[in-house]
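> Okay, here's what each chain looks like letter by letter:
Number of protein chains: 2
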Amino acid sequence: MEGEMRKTEQKIVVAVDESKESMDALSWCLSNFFSNNTNNTLVLLYVKPPPPVYSSVDAAGYMFSADVIEAMEQYGSEMVNSVMQRAESVYRNFETHINVERVVGCGEAKDVICGVVEKLKADTLVMGSHGYGFIKSKFDYFCRVLLGSVSDYCAKHVKCPVVIVKHPEEK
Amino acid sequence: MEGEMRKTEQKIVVAVDESKESMDALSWCLSNFFSNNTNNTLVLLYVKPPPPVYSSVDAAGYMFSADVIEAMEQYGSEMVNSVMQRAESVYRNFETHINVERVVGCGEAKDVICGVVEKLKADTLVMGSHGYGFIKSKFDYFCRVLLGSVSDYCAKHVKCPVVIVKHPEEK
Numbered sequence: 001m002e003g004e005m006r007k008t009e010q011k012i013v014v015a016v017d018e019s020k021e022s023m024d025a026l027s028w029c030l031s032n033f034f035s036n037n038t039n040n041t042l043v044l045l046y047v048k049p050p051p052p053v054y055s056s057v058d059a060a061g062y063m064f065s066a067d068v069i070e071a072m073e074q075y076g077s078e079m080v081n082s083v084m085q086r087a088e089s090v091y092r093n094f095e096t097h098i099n100v101e102r103v104v105g106c107g108e109a110k111d112v113i114c115g116v117v118e119k120l121k122a123d124t125l126v127m128g129s130h131g132y133g134f135i136k137s138k139f140d141y142f143c144r145v146l147l148g149s150v151s152d153y154c155a156k157h158v159k160c161p162v163v164i165v166k167h168p169e170e171k
Numbered sequence: 001m002e003g004e005m006r007k008t009e010q011k012i013v014v015a016v017d018e019s020k021e022s023m024d025a026l027s028w029c030l031s032n033f034f035s036n037n038t039n040n041t042l043v044l045l046y047v048k049p050p051p052p053v054y055s056s057v058d059a060a061g062y063m064f065s066a067d068v069i070e071a072m073e074q075y076g077s078e079m080v081n082s083v084m085q086r087a088e089s090v091y092r093n094f095e096t097h098i099n100v101e102r103v104v105g106c107g108e109a110k111d112v113i114c115g116v117v118e119k120l121k122a123d124t125l126v127m128g129s130h131g132y133g134f135i136k137s138k139f140d141y142f143c144r145v146l147l148g149s150v151s152d153y154c155a156k157h158v159k160c161p162v163v164i165v166k167h168p169e170e171k
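Line by line, the protein sequences give chains Z and H. The first sequence: position 44 = 44 (the UniProt record's numbering), numbered continuously. The second sequence: position 134 = 134 (the UniProt record's numbering), numbered continuously.
No lab work stands behind these hints, which were simulated from the structure alone. Keep in mind it's a predicted model, so treat the numbers as computed, not measured. Please note: incorrect hints may appear among the correct ones.
One copy or any two copies: either way a pair holds, since identical chains are not told apart in the list.
[Said to hold, decoys possible] Straight-line Cα separation of at most 25 Å, SDA-like style, residue types lysine to any residue; simulated pairs:
id: 1; residue 1: 11; residue 2: 81
id: 2; residue 1: 156; residue 2: 94
id: 3; residue 1: 121; residue 2: 35
id: 4; residue 1: 156; residue 2: 74
id: 5; residue 1: 159; residue 2: 31
id: 6; residue 1: 119; residue 2: 167
id: 7; residue 1: 11; residue 2: 51
id: 8; residue 1: 156; residue 2: 85
id: 9; residue 1: 119; residue 2: 168
id: 10; residue 1: 48; residue 2: 167
id: 11; residue 1: 156; residue 2: 92
id: 12; residue 1: 20; residue 2: 152
id: 13; residue 1: 121; residue 2: 167
id: 14; residue 1: 121; residue 2: 70
id: 15; residue 1: 159; residue 2: 39
id: 16; residue 1: 119; residue 2: 89
id: 17; residue 1: 121; residue 2: 168
id: 18; residue 1: 119; residue 2: 70
id: 19; residue 1: 159; residue 2: 73
id: 20; residue 1: 156; residue 2: 69
id: 21; residue 1: 20; residue 2: 8
id: 22; residue 1: 119; residue 2: 67
id: 23; residue 1: 20; residue 2: 94
id: 24; residue 1: 11; residue 2: 71
id: 25; residue 1: 48; residue 2: 8
id: 26; residue 1: 156; residue 2: 66
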């Protein structure tokens, strides 16, 4: 059959972050990949931002003292837990048993997501359209228009099918 | 439940064209949306290019005489049939009965696809990553880099989730 792509045990990576949109992406994934097939594996991927480039001995070290760096790392760990717990509350209510793996990466989101999808030989990547790139300023907006979003990048660079989900209010 | 998006009867639009990649997109769609649920509806969407802007009374009318325009329309109709038959051969071999609707649009592919998805209130759009935009020249390549592909545009502009599928050889 032309274009045969069937596979009974799929590995589906969902890139989750602090946004409600990424939880919608997870929910979409559960409804469409896990409602009738318990052999699929859900991989929850969270990417922490890269560590600051300044060290405590940098000329601007007073801005990133050991205490501040530690506080930032602490905040990052708390964020991981918060997002993973939120994701868990989404799939816990799902009636089917789901095989779940959690992966936490660190670095530029687009590179880490593409790298993990490649490394795990994932069958599908599911993510929100605006994930890992909240618009906070005109500069952010300019960057997104010029460089595209993380989902744009991933859709272009990963080999597997990519599902881009939008939060209803952001449609 | 946060991000609840479940729906038992989904309308899935697959944008098909002459490429093998779009048949892969169709196959992916069948495997993931129709293997366990026969209540979903598959909408096969083909978009014919817009008619030439020159009429038979144009200064360059000799280039687009009535005969040539008729021949182009004839070619367009044959292409529709060819693509739809190819798509049929993909879903005919699928073991489940599938509700299929065929839609043929005419115009700029990106606008027609977004318009049809909106009008039908589709639940998901599935398409190939390079559909409706084969690179034939350096100019085409430049345009794609600058303006993005049809799938980029659709992923940004339609409200529903968008699945972008790649042909294995083009990964």
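> Compare the structure with each hint and give your call.
Structure-based check of each hint:
Taking the shortest Cα distances, residue 11 and residue 81 sit within 25 Å of each other inside one copy (22 Å), while across copies they are farther apart (36 Å). In this assembly of identical chains, residue 156 and residue 94 lie within 25 Å of each other by CA distance neither inside one copy nor across copies; the values are 31 Å within and 29 Å between. Proximity of residue 121 and residue 35 under a CA criterion of 25 Å is satisfied in both settings, with 22 Å inside one chain copy and 22 Å between copies. Neither within a single protomer nor between protomers do residue 156 and residue 74 lie at most 25 Å apart by alpha-carbon distance, with minima of 33 Å and 35 Å respectively.
Taking the shortest Cα distances, residue 159 and residue 31 sit within 25 Å of each other both inside one copy (23 Å) and across copies (18 Å). Proximity of residue 119 to residue 167 under the C-alpha cut-off of 25 Å is restricted to the inter-copy arrangement: shortest distance 19 Å between copies versus 28 Å within a copy. Taking the closest pair of Cα atoms, residue 11 and residue 51 never come within 25 Å of each other, the shortest separation being 29 Å inside a single copy and 44 Å across copies. For the identical chains of this complex, residue 156 and residue 85 are neighbours neither inside a copy (30 Å) nor across copies (29 Å), given an alpha-carbon limit of 25 Å.
With identical chains, the CA atoms of residue 119 and residue 168 are at most 25 Å apart between copies only, with a shortest distance of 17 Å across copies and 32 Å within one. Taking the shortest Cα distances, residue 48 and residue 167 sit within 25 Å of each other inside one copy (22 Å), while across copies they are farther apart (31 Å). In this assembly of identical chains, residue 156 and residue 92 lie within 25 Å of each other by CA distance neither inside one copy nor across copies; the values are 32 Å within and 31 Å between. In this homomeric assembly, residue 20 and residue 152 come within 25 Å of each other (Cα to Cα) both inside a single copy, at 19 Å, and across copies, at 22 Å.
Only between protomers do residue 121 and residue 167 lie at most 25 Å apart by alpha-carbon distance; the minimum there is 16 Å, versus 27 Å within a single protomer. In this homomeric assembly, residue 121 and residue 70 never come within 25 Å of each other (Cα to Cα): the closest approach is 34 Å inside a single copy and 49 Å across copies. In this assembly of identical chains, the alpha carbons of residue 159 and residue 39 lie at most 25 Å apart only when taken from the same copy (22 Å versus 30 Å across copies). With identical chains, the CA atoms of residue 119 and residue 89 are never at most 25 Å apart, being 27 Å at best within one copy and 34 Å at best between copies.
Proximity of residue 121 and residue 168 under a CA criterion of 25 Å is satisfied inter-copy only: 13 Å between copies versus 30 Å inside one chain copy. Taking the shortest Cα distances, residue 119 and residue 70 never come within 25 Å of each other, neither inside one copy (30 Å) nor across copies (52 Å). With identical chains, the CA atoms of residue 159 and residue 73 are never at most 25 Å apart, being 32 Å at best within one copy and 36 Å at best between copies. Taking the shortest Cα distances, residue 156 and residue 69 never come within 25 Å of each other, neither inside one copy (34 Å) nor across copies (37 Å).
Taking identical chains as interchangeable, the C-alpha atoms of residue 20 and residue 8 lie at most 25 Å apart only when they sit on different chains, with a minimum of 23 Å there against 30 Å within one chain. Taking the shortest alpha-carbon separations for residue 119 and residue 67, neither the intra-copy value of 34 Å nor the inter-copy value of 56 Å comes in at or below 25 Å. For a Cα distance limit of 25 Å, the shortest separation of residue 20 from residue 94 inside one copy, 18 Å, qualifies, whereas the shortest one across copies, 36 Å, does not. In this assembly of identical chains, the alpha carbons of residue 11 and residue 71 never lie at most 25 Å apart, being 35 Å within a copy and 48 Å across copies at closest.
Proximity of residue 48 to residue 8 under the C-alpha cut-off of 25 Å is found in neither arrangement, the shortest distances being 32 Å within a copy and 35 Å between copies. In this homomeric assembly, residue 156 and residue 66 never come within 25 Å of each other (Cα to Cα): the closest approach is 39 Å inside a single copy and 42 Å across copies.
This entry does not satisfy hints 2, 4, 7, 8, 11, 14, 16, 18, 19, 20, 22, 24, 25 and 26, going by the numbered hints stated previously.
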